[in-house]
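A.B. asks: Letter by letter, the chains look like this.
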Amino acid sequence: MNERRKTFGTDPGSADDLGAGVFQPRPIARPDPDAARRVAREGGYASDAQQLSSIAQRRHRTGRTSQLNIKVTADHKARFTALADSMNVSLSVTFERALKALEQSMRGES
Amino acid sequence: MSSPKGGAGKTTSVAVLATQLARTAPVAIIDADKNQPIVTWSKAPGFPVNIEVISDITDANFYDRLDDVARRTPFVLVDPEGTANVISSLAISAADLVIIPLQASQLDADQAQRALVQVTNQERAARRRIATRILFTRTSTAIQTRTLRHLKAELADAGVATFDTQLVEREAFKAMFSFGGTLELLDSRQVSSPDKAIANARAFAAEVIQVLKDIEHERAA
Chain W
7 MNERRKTFGT DPGSADDLGA GVFQPRPIAR PDPDAARRVA REGGYASDAQ
57 QLSSIAQRRH RTGRTSQLNI KVTADHKARF TALADSMNVS LSVTFERALK
107 ALEQSMRGES
Chain H
177 MSSPKGGAGK TTSVAVLATQ LARTAPVAII DADKNQPIVT WSKAPGFPVN
227 IEVISDITDA NFYDRLDDVA RRTPFVLVDP EGTANVISSL AISAADLVII
277 PLQASQLDAD QAQRALVQVT NQERAARRRI ATRILFTRTS TAIQTRTLRH
327 LKAELADAGV ATFDTQLVER EAFKAMFSFG GTLELLDSRQ VSSPDKAIAN
377 ARAFAAEVIQ VLKDIEHERA A
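Just so you know, the protein sequences line up as chains W and H, in that order. So the first sequence is numbered by the working numbering: it starts at 7 and just counts up by one. So the second sequence is numbered by the working numbering: it starts at 177 and just counts up by one.
Only chain W is shown next, with the shape it has when bound in the complex (with noise of 0.2 angstroms):
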């Protein structure tokens, strides 16, 4: 019957260490996203069953009754909803300050 093996604590330099240490963090080398979902949208990576599931969640009692669905590209969904996120509010509140920000960039507001 085999003894329960030591798991952690390999001494530095034994039989037993692959050399893993010496590695250090640091920071991913951050693609152009845009790029980079042209790319998985191109090879037919294209299933977005995360946020598809994120976006489910996203309910809300506003009294907003009326329904628009509209056409977009993946891109535009994901550049959308991401904004949203990063405001944390719901994606009719994204499309209302887009509206509004649009309408005043018309009118030459600022």
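You may find that some hints are simply not true.
Stated by the list, open to error - Label-pair ranges, simulated between beta-carbon atoms:
(1) Q73(W) with T296(H): 37 to 43 angstroms
(2) P33(W) with R305(H): 30 to 36 angstroms
(3) L97(W) with T323(H): 44 to 50 angstroms
(4) S92(W) with V225(H): 31 to 37 angstroms
(5) Q30(W) with K219(H): 41 to 47 angstroms
(6) S98(W) with Q320(H): 57 to 63 angstroms
(7) S98(W) with E347(H): 18 to 24 angstroms
What the hints assert, rightly or not - Far from chain W, by Cβ distances over 10 angstroms, these chain H residues were calculated:
(8) P213
(9) S281
(10) A285
(11) R322
Hint data in this document are derived by calculation from the structure and do not stem from the laboratory. No residue lacks a Cβ here, since even glycine has one placed at the ideal position from N, Cα and C.
Guided by the hints, dock chain H onto chain W, whose structure is given.
C.D. replies: Relative to chain W, chain H alone:
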């Protein structure tokens, strides 16, 4: 760890590699599979304290979460869902090393080829080389099948690098998920030949470390 096919051995390979690296270094695993197999395993007893598991990943927050953890952890492994999904491709785009697990079947090979094409296209988009290795998984200890021989030859012809180590089909690799914890915590009452599984896991991890050292060396040059 990348393959758009389920059952190729992604999660097992991630677990095997993570536990070996974690013997001497902090490790993080991003569990981007909605079935959360790594999260489930991490809740069982014996899970190494220096492996951090990150979940709640969406393709909108992926780069931020990855960057955040990479700044404080030397090894970050990503276990994506076994489908052709956006996160899987984004993970390739930011990787130092893409490992494509492959069972020796034509069906798996076709899906591995899809992953290889994603690597090439993400390389082009990011204007940098992304190191890639094929890892044969669930191979037999006894025999080398004709399909395996054929695929190895084909990959060699195509200039695709493969790990010398193959993850052999072993009960111990599955037992990690049944009993929780690491291979080192299994004993022969629970599963046969844990020693052989450990030797196999260490050979794989040692090869990964060597590849990563070569990449660091090239980066420094």
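A.B. asks: Next step is simple, just say for each hint if it's right about the structure.
C.D. replies: Hint-by-hint comparison with the structure:
1. Q73(W) with T296(H): 37 to 43 angstroms: 41 angstroms, holds
2. P33(W) with R305(H): 30 to 36 angstroms: Taking Cβ atoms as reference, P33(W) and R305(H) lie about 18 angstroms apart, which means the hint is violated.
3. L97(W) with T323(H): 44 to 50 angstroms: 48 angstroms, holds
4. S92(W) with V225(H): 31 to 37 angstroms: Since the Cβ atoms of S92(W) and V225(H) sit about 33 angstroms apart, the hinted range of 31 to 37 angstroms holds.
5. Q30(W) with K219(H): 41 to 47 angstroms: 29 angstroms, violated
6. S98(W) with Q320(H): 57 to 63 angstroms: At roughly 59 angstroms between Cβ atoms, Q320(H) and S98(W) fall inside 57 to 63 angstroms, so the hint holds.
7. S98(W) with E347(H): 18 to 24 angstroms: 52 angstroms, violated
8. P213: 15 angstroms, holds
9. S281: 21 angstroms, holds
10. A285: Given that every Cβ of chain W is farther than 10 angstroms from that of A285(H), nearest at about 17 angstroms, it holds.
11. R322: The claim holds: R322(H) sits with its nearest Cβ about 30 angstroms from chain W, beyond 10 angstroms.
When the structure is compared with the earlier hints, violations turn up for hints 2, 5, 7 and for no others.
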